[in-house]
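Chain by chain, the residues run as shown.
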Amino acid sequence: MNTTFLCCHYGINAMAHTATHFDSLEKAAKISHRMIDIAALAGRISEPFSILTAQIKDLVLAIESTRFFGITHQLAFPDEKGCYFFQENTKVKCAERVFLSAHTALKLLVGADRVNLIKLGIIASYSIGYVSIFRYFLEGTILSYYFFGNWDARGKVSATQERLSMAIGKIEKWKDRQQTSMAGTERTHLKLKKWEAIKYNLNVDQTNAWIKIAVTLSKMVLISSAVALAVLNITSAPSLLYLLTLGTVSDVIGLAGIFYAEYHPYRRIAVTSQ
Amino acid sequence: MLPYGTYFHCILRQIKPFSLTMNTQMPLSYLPHDTDIHKSSTSEDCKIAETCCDGRTFSLLEKGLQSSFTIIAHVVENVFLTLKVICADPNSFAAVIRKFDPYILALVEKINKSPGEFQKLKSVIGSTVSCINVLQIAADIDYGVQAKYKQEGKFAVLGRLAMFVAHVGETILWFSQIGFINLKKIATSLGNISIFTKAIPISLRWVTARTCGIAYALFALDALQRTMKPGDIFQKTMAKLELSANAAEVLLDLMLVAGVVNVISLGIMAGICVSLEIGVLLYQDKYKAGSPVK
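Line by line, the protein sequences give chains A and B.
Each residue of the first sequence is one higher than the one before, counting from 1 in our numbering.
Each residue of the second sequence is one higher than the one before, counting from 275 in our numbering.
None of these hints come from the bench; they were simulated from the model.
Remember, it's a predicted structure, so these values are computed and weren't measured experimentally.
Heads up, none of these hints are tricks.
The calculated lysine to any residue pairs, modelled on SDA-like cross-linking and capped at a C-alpha distance of 20 Å, are:
no. : chain 1 : residue 1 : chain 2 : residue 2
1   : B       : LYS458    : A       : GLU47
2   : B       : LYS422    : A       : GLY11
3   : B       : LYS394    : A       : ASP113
Work the whole structure out from these sequences, hints included.
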């Protein structure tokens with residue numbers, strides 16, 4: 001197929017995916033407004049772009065404020081099978097989700113304050129250094145979320161590596177058998193297919209985990225830098241450029257991770273062990 | 275699954291020994307007259323009866339509190355579930371919040387007698403819906419490219435086409451509002467049409483809104499067609515819910531065409547549309563089955 005047509009096809013497909021998934025929409029919106037902000041730092045941008053970036057920031061605010069309900073529902077209430085989140089996941093994953101829930105609750109408050117539904121008042125105004133106590137809580141919860149996310153992803157990488165080496169060994173074994181014996185070729189072929197599918201799935205898992213490590217690390221650096229610069233009241237153009245660039249890079253990696261998971265779905269293992 | 279009452283039960287079990295000791299210190303006059311305790315003669319019997327009665331009272335109290343706790347937990351869960359379903363994807367989120375900006379918030383402002391109270395919220399809703407509309411165009415093109423229309427009826431496909439036109443129109447209007455393009459007179463006036471001797475000014479905004487109304491009418495026809503087709507109970511109920519939601523949207527559009535400008539009636543109608551839309555989303559979430567998504 002024509003490369004241009006393929007690019008257009010994937011582009012439209014990616015945009016359609018963004019239109020139906022909040023995660024990718026949030027990341028795409030953040031990338032867009034940060035790019036416009038970088039352009040504004042580099043030189044003057046026209047009035048329509050300033051309005052556009054303000055409107056995209058409104059979209060991000062709406063998404064961040066409403067994430068609380070989905071995350072808290074998943075954490076606090078049983079799923080379709082009747083199991084709670086903490087029953088099905090590791091302690092690290094639960095800690096990660098608790099901090100995310102706390103962060104989204106605070107973001108909901110921020111959102112409600114921005115649209116004048118509530119007044120945060122003294123909580124938002126009382127500050128240490130140049131940063132309000134509320135912002136410390138806000139950044140502290142998200143930092144903890146990324147810390148536990150990183151821990152969880154590292155655990156996944158090491159667990160996957162062990163299983164991957166086992167799968168590679170099995171593939172080698174069945175390949176040898178396929179080459180040496182003619183008897184039971186059908187069974188050998190099926191076994192080989194099964195272990196190749198397992199290997200593919202483990203590779204997808206491992207790539208996803210590595211992407212998560214990269215995202216969480218970049219986010220942790222970004223948040224720490226943003227808080228440090230805010231505490232020291234450094235608002236120079238290079239520092240802002242650094243924050244915007246780092247934010248854009250981390251969101252691009254995150255978005256790439258979402259699309260990777262979308263376009264590399266798990267290969268179904270149709271072959272059962274015999 | 276752990277029932278909600280179980281949590282409360284566990285907590286109550288922990289405090290029960292303490293409350294029993296406390297209650298045995300109570301004077302007998304505090305207890306109801308028909309309890310066995312008043313018929314007892316010896317002090318030993320009295321003590322046993324007191325404990326039994328206390329146990330019964332405690333059990334009743336426990337049951338009452340447990341059921342209250344269960345009801346509260348269910349209410350909270352359903353509220354969270356509803357909000358989760360609305361915020362599950364941009365499509366449904368935009369479908370619900372787009373009614374808030376011109377109608378429902380205006381009604382609340384009217385009731386509160388505080389015009390402009392939700393100005394900032396309206397602006398955020400407007401921006402969110404506009405941004406999602408742009409991406410909806412891509413989703414509509416993808417619907418055509420992936421040939422998803424093959425699985426749907428002709429009314430649904432036509433409705434989708436009308437919705438695509440409406441999305442394009444809304445995006446053009448948004449770009450004009452931001453200042454990217456200049457529509458000049460098209461945005462404000464294209465001319466007039468007369469309906470029953472009443473002249474209606476036509477603009478791009480008017481055309482876009484009516485195209486959206488036509489799309490809802492086509493979706494309603496598709497849902498009506500599906501209610502008459504043989505299918506399981508889920509498909510039938512889903513079709514009926516979608517029919518009522520789309521019919522409400524058409525009614526709201528007809529009210530606008532007829533020139534109803536009353537904030538209260540438009541607000542109530544928009545509220546009904548939102549409730550039905552949420553009903554569709556909740557039913558869809560509960561049974562997780564495929565149905566034509568607007």
